[in-house]
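**Q** One letter stands for each residue in the lines below.
Protein chains: 2
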Amino acid sequence: MQIIFDDIDAAEIDRRIALYGPLTQAVRELVDATIRTEADEDTIRDVEATIRVATARLREKQIEGSFGARYTADGTVMSWGNAAVGVRNPIAPPMVVERDDTGLHWAEITLGAAYEGPPGLVHGGVTALLLDQILGHAAAVDGKPSFTGTLTLRYRRPTPLGKVRAEARVDRVEGVKTFVVGSLSTADGLTVEADGVFIQPAWVRDRAE
Amino acid sequence: MQIIFDDIDAAEIDRRIALYGPLTQAVRELVDATIRTEADEDTIRDVEATIRVATARLREKQIEGSFGARYTADGTVMSWGNAAVGVRNPIAPPMVVERDDTGLHWAEITLGAAYEGPPGLVHGGVTALLLDQILGHAAAVDGKPSFTGTLTLRYRRPTPLGKVRAEARVDRVEGVKTFVVGSLSTADGLTVEADGVFIQPAWVRDRAE
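Protein chains in written order, with my numbering: chain G, 1 to 209; chain H, 210 to 418.
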C-alpha cells in the first residue's frame, strides 16, 4: 500500500494542478476522439506513432506502480490517481464532490462517448463507479476513510449520456458501519438508486483510540 | 438511440480491429503514463500540445455523438465504444468475455494505475463496472440483450491492482427477469461477490413474439 507524505504547501498544490490538469484534460479529449474518429488509415497510424512517442517521453521519469495516496503535512489528501475523482486520471470524468451544510454530498458530471454502455446510454457499471465514489465520500464521517462493504444499485430508468447529478447522504451509523443512500438523476428525474454499507478499516479505528 | 447496421464482412471487421486496436492500446498506455509521469514541466507542456494536435487530426472526420451499437448483416454486435469491453474505448481494459459449455462466463483482466481507488487497490466502482458487464453477458440468454435491474455487490476483501478474474452465470430465469450471480477474484481468492437481476426490454420481448 503506497501512502506518501508529501510536505508541500497550497501554492505548490495549485502549481501541480495547473500543470497536470490540462495534460489530463487533453488526454480525456483524445480518449473521446479515439472512439469517434473516422479519419483515414494513414492519419490513424500516424497519430498512433505520435502517441507512442509522447508516452515514452512521459515515462522517462515516472512513479513506480500506481499513484497511491498522498497527504500533505496539513492532512490534505491528494487522490489524484483515483478512477472517479483523480485530477491526474484521464479515466475519471473527473467527479468533483461538493457538500452542503446538511451533509448532502453531490456532484454534477457530464458523461460523453467514453462512458457508454447500451447505445446512447451511460454504462450501468459507470453509474456504479460514480455512486460508489460519492457514497464513500458521504460515509467518510469526520474525514475518516471507509471501505465499501455492500453496494446495492436499483436501475429505475436508463441514464442517457450527457449531464448527470449524483447525490449521497448518511442514513445512519451503527458502530463501525455507516449506512449511506444516494441516487443518480438527469434533468428528467431519478435514474438509479443506491444504498451502501461502509466499514471503517481497523487501522482507522486503532488510530482513533 | 444510435443503432447502426453496417453491412461488412469478417475480413473488414478484422481490418478495422487491426487499425483501431493498436491506436486504442497506445492511448491506454498514455493514460497510464499521464497518471504516473514525473517528467519536467517543459516536457509535460510539450506533450500536452502534441496530444491536442493529435486529437484535432482524429476529429477532422468523426462520428456524431457516441459510438452506439453497430450490427453487421449476419448479426455480429460491435460494442466497440463500450466502457468495459470496447476495443475502441481506451477506458475499457478491455474485458474479453469467454464462455464455456456449462454457461459460465469469465474474463481475466490486468488492472493498472488507471483503475485505482484506495492506494494500491482496485476502485470499488471499477469492480462494479467489470461485474455489471460480465453479469450482463451471462444474462443475455440466447443472445437477447437485457438491462440491469438490480445489482448488489458484497466486498469481501480489498482487490489489489494486477490480475483479476471475473465470473458470472445464470442462477435462474423467472419470466422477463434473469437472476445472475458472479464474483471477482485474484490468485489469493475471492474479493467481491455480485448478484444481479436483469430485465429484458419490451422491444426485445416484442421482437421475439
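The hints are simulated quantities; they were obtained by calculation from the structure and are not laboratory data. All C-beta atoms, glycine included, are put in the ideal place defined by N, C-alpha and C. Take these hints with a grain of salt, some might be off.
Sample of chain G residues lacking proximity to chain H, with all beta carbon distances greater than 10 Å (derived) [unchecked claim]:
{"id": "1", "residue": "I8"}
{"id": "2", "residue": "A33"}
{"id": "3", "residue": "R36"}
{"id": "4", "residue": "G65"}
{"id": "5", "residue": "E98"}
{"id": "6", "residue": "T102"}
{"id": "7", "residue": "L104"}
{"id": "8", "residue": "P158"}
{"id": "9", "residue": "V176"}
{"id": "10", "residue": "S183"}
{"id": "11", "residue": "S185"}
{"id": "12", "residue": "G189"}
Calculated lysine-lysine pairs in the DSSO-like style (CA-CA distance at most 27 Å, straight line) [what the hints assert, rightly or not]:
{"id": "13", "chain 1": "H", "residue 1": "K353", "chain 2": "H", "residue 2": "K386"}
{"id": "14", "chain 1": "H", "residue 1": "K372", "chain 2": "G", "residue 2": "K163"}
{"id": "15", "chain 1": "G", "residue 1": "K144", "chain 2": "G", "residue 2": "K177"}
{"id": "16", "chain 1": "H", "residue 1": "K386", "chain 2": "G", "residue 2": "K61"}
**Q** Would you mind marking each hint as holding or not holding in the structure?
**A** Checked hints:
no.: 1; hint: I8; result: holds (14 Å)
no.: 2; hint: A33; result: violated (4 Å)
no.: 3; hint: R36; result: violated (4 Å)
no.: 4; hint: G65; result: violated (7 Å)
no.: 5; hint: E98; result: holds (19 Å)
no.: 6; hint: T102; result: holds (25 Å)
no.: 7; hint: L104; result: holds (20 Å)
no.: 8; hint: P158; result: violated (7 Å)
no.: 9; hint: V176; result: holds (14 Å)
no.: 10; hint: S183; result: holds (14 Å)
no.: 11; hint: S185; result: holds (17 Å)
no.: 12; hint: G189; result: holds (17 Å)
no.: 13; hint: H:K353 / H:K386; result: holds (12 Å)
no.: 14; hint: H:K372 / G:K163; result: violated (33 Å)
no.: 15; hint: G:K144 / G:K177; result: holds (12 Å)
no.: 16; hint: H:K386 / G:K61; result: violated (52 Å)
The structure fails to meet hints 2, 3, 4, 8, 14, 16 from the earlier list, while all remaining hints are met.
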